[in-house]
Amino acid sequence: LVELRKELDSFGKQMVEYNQMIPNKLTLVIRRVVSNLVNPKDSLSLITDQDKGQEDLLEQAIKSNNYTFICHICTFGVIEAYIFGRYELAAEMAIKRQEVEKKLSRRLLYHGLTDFYDGLTFIAMAHETKDVKWESLVTKAIEKIKGFVRSGSVNCEHKLLLLQAEARSLLGDTEKASSSYELAIAAAEKHGFTHEHAIANERAGDFFLRNGDPRASIYYGTAHALYLKWGAQSKADDLIRNIPF
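What the sequence shown shows, in the numbering used here, is residues 34 to 278, in sequence order.
Hints are computed from structural coordinates only; laboratory data are not their basis. Treat the hints loosely; a few may be bogus.
Said to hold, decoys possible - Simulated crosslink set (DSS-like; lysine-lysine; CA at most 25 Å straight-line): (1) LYS58 - LYS96; (2) LYS209 - LYS163; (3) LYS179 - LYS223; (4) LYS96 - LYS135; (5) LYS177 - LYS223; (6) LYS177 - LYS135; (7) LYS173 - LYS163; (8) LYS177 - LYS129; (9) LYS166 - LYS135; (10) LYS209 - LYS223; (11) LYS173 - LYS209.
Model the full assembly from the supplied sequences, consistent with the hints where possible.
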């Protein structure tokens with residue numbers, strides 16, 4: 034993430050220099066999310082430019098009816114909010130993006146990225162609220178990820194396995210959930226997705242903690258090490274604050 038932030042900063046400066054403001058704005062969203070993951074901070078800014086005092090980017094996009102930009106902001110806003118455990122905010126942004134996508138002539142392609150984090154977010158909301166309305170949204174997300182896996186996308190194998198593990202945990206099928214977490218962790222590691230390898234370990238830690246299994250601390254410790262490897266110091270610190278393992 035540290036190297037990515039440097040590259041994004043360099044790219045942003047070049048876009049400003051050549052007056053390419055649309056790609057600069059699109060990149061700016063990602064730059065802010067990356068910075069929030071890397072830099073320890075007191076609170077989440079979530080796509081708000083606090084340094085320049087500018088209006089929230091999402092609010093700007095809504096006022097100008099820039100549907101593509103709204104979807105782009107919400108996509109990365111969901112990812113950041115979910116990673117930091119702000120599930121209600123993540124769900125709000127996911128639903129907002131889904132509503133706006135209906136106004137687009139074609140859906141933006143993120144090759145399973147949005148469906149994965151939507152699904153994880155809706156499962157988290159189902160755990161927190163016990164409201165069955167989230168379950169149908171989870172099912173839709175899983176079915177979409179299955180489509181990517183059937184088409185041969187190795188990018189989505191671990192995503193599907195983790196969603197299935199979380200769904201089984203939600204239904205109380207602890208035996209199948211436990212094995213699915215292990216499969217998701219192994220697949221994420223195999224394909225080199227360090228951040229989602231970390232997330233899979235953190236979710237496994239949550240699962241074992243809910244079930245009173247002392248192995249939870251092992252998974253949280255692995256998740257912490259992986260977040261640091263990814264470069265997400267802020268998330269690693271957040272995990273220690275919220276889960277004293």
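Cross-check of the supplied hints:
no.: 1; hint: LYS58 - LYS96; verdict: holds, 16 Å
no.: 2; hint: LYS209 - LYS163; verdict: holds, 21 Å
no.: 3; hint: LYS179 - LYS223; verdict: holds, 19 Å
no.: 4; hint: LYS96 - LYS135; verdict: holds, 18 Å
no.: 5; hint: LYS177 - LYS223; verdict: holds, 22 Å
no.: 6; hint: LYS177 - LYS135; verdict: holds, 16 Å
no.: 7; hint: LYS173 - LYS163; verdict: holds, 18 Å
no.: 8; hint: LYS177 - LYS129; verdict: holds, 18 Å
no.: 9; hint: LYS166 - LYS135; verdict: holds, 20 Å
no.: 10; hint: LYS209 - LYS223; verdict: holds, 21 Å
no.: 11; hint: LYS173 - LYS209; verdict: holds, 20 Å
Hint check: no violations occur; every hint is consistent with the structure.
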